[in-house]
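Novice: Take a look at the letters that make up each chain.
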Amino acid sequence: MTVVRIATDAQYRLPDSDLDRLNELDNQAQVAVDANDEGSFQVLLAQMVELVRTDGEALADDELIESEIILPWPDSTIAEVREAFTGEGLIPG
Amino acid sequence: MAGTSGRFTTMIKAKVNRLLDRAEDPGETLDYSYTKQMEMLQNVKKGIADVVTAKKRLQMQSTKLEQQVVKLDTQARQAIGAGKEDLARTALERKTLAQNELQSLDPQIAELEAQQQSLIDKEQKLRTKVEGFRTKKEVIKAQYSAAEAQVKIGEAASGVGEEMADVGLAMQRAVDKTESMRARAGAVEELEAAGAFEDLTQLGDGQDDIDRQLAQLSSGEQVDDELAKMKAELGAGSPAPAGELESGGGAPATGPRPGAGQ
Chain A
718 MTVVRIATDA QYRLPDSDLD RLNELDNQAQ VAVDANDEGS FQVLLAQMVE LVRTDGEALA
778 DDELIESEII LPWPDSTIAE VREAFTGEGL IPG
Chain B
47 MAGTSGRFTT MIKAKVNRLL DRAEDPGETL DYSYTKQMEM LQNVKKGIAD VVTAKKRLQM
107 QSTKLEQQVV KLDTQARQAI GAGKEDLART ALERKTLAQN ELQSLDPQIA ELEAQQQSLI
167 DKEQKLRTKV EGFRTKKEVI KAQYSAAEAQ VKIGEAASGV GEEMADVGLA MQRAVDKTES
227 MRARAGAVEE LEAAGAFEDL TQLGDGQDDI DRQLAQLSSG EQVDDELAKM KAELGAGSPA
287 PAGELESGGG APATGPRPGA GQ
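If you read the sequences in order, they're chains A and B.
Counting in our numbering, the first sequence runs without a single skipped number right up to 810 at its last residue.
Counting in our numbering, the second sequence runs without a single skipped number right up to 308 at its last residue.
Warning: the hint list may mix true and false statements.
[To be verified] Cut-off 20 Å, straight-line C-alpha distance, at most; resulting in silico cross-link-like pairs (SDA-like, lysine to any residue): (1) B:Lys171 / A:Val720; (2) B:Lys198 / A:Thr794; (3) B:Lys223 / A:Thr794; (4) B:Lys110 / B:Lys82; (5) B:Lys182 / A:Ile782; (6) B:Lys130 / B:Asp271; (7) B:Lys171 / A:Ala727; (8) B:Lys275 / B:Lys82; (9) B:Lys187 / B:Lys198; (10) B:Lys102 / B:Lys275; (11) B:Lys182 / A:Glu797; (12) B:Lys223 / B:Val116; (13) B:Lys171 / B:Glu159; (14) B:Lys198 / A:Ala727; (15) B:Lys223 / A:Glu797; (16) B:Lys82 / A:Thr794; (17) B:Lys223 / B:Glu74; (18) B:Lys110 / B:Lys182.
Hints were generated in silico from the structure; no laboratory data involved.
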């Protein structure tokens with residue numbers, strides 16, 4: 718299990734079997750960000766959020782655990798993501 | 047596991063680290079972190095209050111505009127009844143403007159409602175986490191040596207710190223939204239202050255500046271359509287007694303030609 722946070726939403730425990738899919742979407746999202754392709758980015762981000770919400774299990778409110786992965790908030794734009802998150806991309810590797 | 051620490055975590059992690067670097071004494075770090083958490087909770091409460099205030103302001107405007115729409119509609123009908131087409135047109139222009147404002151207010155009120163709910167949820171979650179941190183903090187202080195405590199603090203503080211950073215992010219978004227709606231509410235109030243929705247009994251003779259602005263703002267076609275429809279409904283401008291509108295005014299032939307009076 719991997720703890721994933723959807724920013725401004727919640728933390729989830731995601732089965733590790735979903736990580737490849739998440740990573741794949743993340744790589745595509747990164748390409749969209751680099752190309753400034755807002756439409757594709759929105760679609761990919763929505764897919765990542767959907768995957769985590771569907772397969773993940775929300776952490777209890779009293780759990781104090783650091784997330785291994787943090788996704789941007791669901792309706793964020795490329796500009797917002799660039800401003801809020803600096804680094805190599807959503808998920809490295 | 048390697049490779050899963052997100053690239054997007056940089057900002058949030060940096061905030062946590064700054065928090066942890068603050069003090070060398072573990073006990074002090076814990077207390078400082080806890081103080082920060084309590085401050086954050088206060089901030090969220092204040093943020094919720096701000097959103098509620100902004101929402102109420104828009105709701106009041108909405109109610110007011112609804113009343114204006116009804117009033118202006120009535121006045122347009124009365125004006126047609128009295129054969130004053132210019133006046134009716136002005137009333138309808140104002141009504142159109144009020145309706146447009148109304149339509150734009152609804153989604154904004156819904157948006158603020160959503161922000162409010164999201165902040166309330168966040169506050170609840172953070173409160174629970176802060177409470178968990180407080181308990182842990184006392185245990186760490188009582189049971190661990192300084193070196194051990196540093197590790198334990200790192201674990202406890204990074205979890206709650208990430209939550210705080212995330213709440214901060216949610217707050218910032220709510221503040222941004224609230225600000226833009228506040229500006230929007232201000233714009234509607236300015237229109238109102240300029241008399242854009244004022245009822246026609248306060249209108250002097252002829253066109254004033256507001257009328258000219260209104261004519262530009264509102265869709266002329268929409269006003270034309272509505273005017274025509276109203277005239278048809280009212281029996282094509284027959285000088286009906288104001289207030290007493292017969293249903294079934296579908297006998298235009300009986301009335302005088304529209305626009306003849308003035």
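Novice: Next step is simple, just say for each hint if it's right about the structure.
Specialist: Structure-based check of all given hints:
1. B:Lys171 / A:Val720: Holds: Lys171 (chain B) and Val720 (chain A) sit about 17 Å apart, inside 20 Å.
2. B:Lys198 / A:Thr794: Measuring from Cα to Cα gives roughly 37 Å; hence the hint is violated.
3. B:Lys223 / A:Thr794: holds, 15 Å
4. B:Lys110 / B:Lys82: violated, 42 Å
5. B:Lys182 / A:Ile782: Holds, because 13 Å separates the two Cα atoms, which is no more than 20 Å.
6. B:Lys130 / B:Asp271: holds, 17 Å
7. B:Lys171 / A:Ala727: holds, 9 Å
8. B:Lys275 / B:Lys82: At roughly 63 Å apart (the allowed maximum being 20 Å), Lys82 (chain B) and Lys275 (chain B) break the hint.
9. B:Lys187 / B:Lys198: Given pair Lys187 (chain B), Lys198 (chain B) holds - Cα atoms ~10 Å apart, limit 20 Å.
10. B:Lys102 / B:Lys275: Between Lys102 (chain B) and Lys275 (chain B) the Cα gap is close to 35 Å, so the pair fails against 20 Å, i.e. violated.
11. B:Lys182 / A:Glu797: violated, 35 Å
12. B:Lys223 / B:Val116: Not satisfied, since the Cα-Cα distance of roughly 30 Å exceeds 20 Å.
13. B:Lys171 / B:Glu159: holds, 19 Å
14. B:Lys198 / A:Ala727: violated, 23 Å
15. B:Lys223 / A:Glu797: OK: Lys223 (chain B) and Glu797 (chain A) at ~14 Å, within 20 Å.
16. B:Lys82 / A:Thr794: Violated: Lys82 (chain B) and Thr794 (chain A) sit about 30 Å apart, past 20 Å.
17. B:Lys223 / B:Glu74: Outside the cut-off at roughly 36 Å; violated.
18. B:Lys110 / B:Lys182: This hinted pair is violated, its Cα atoms lying about 52 Å apart.
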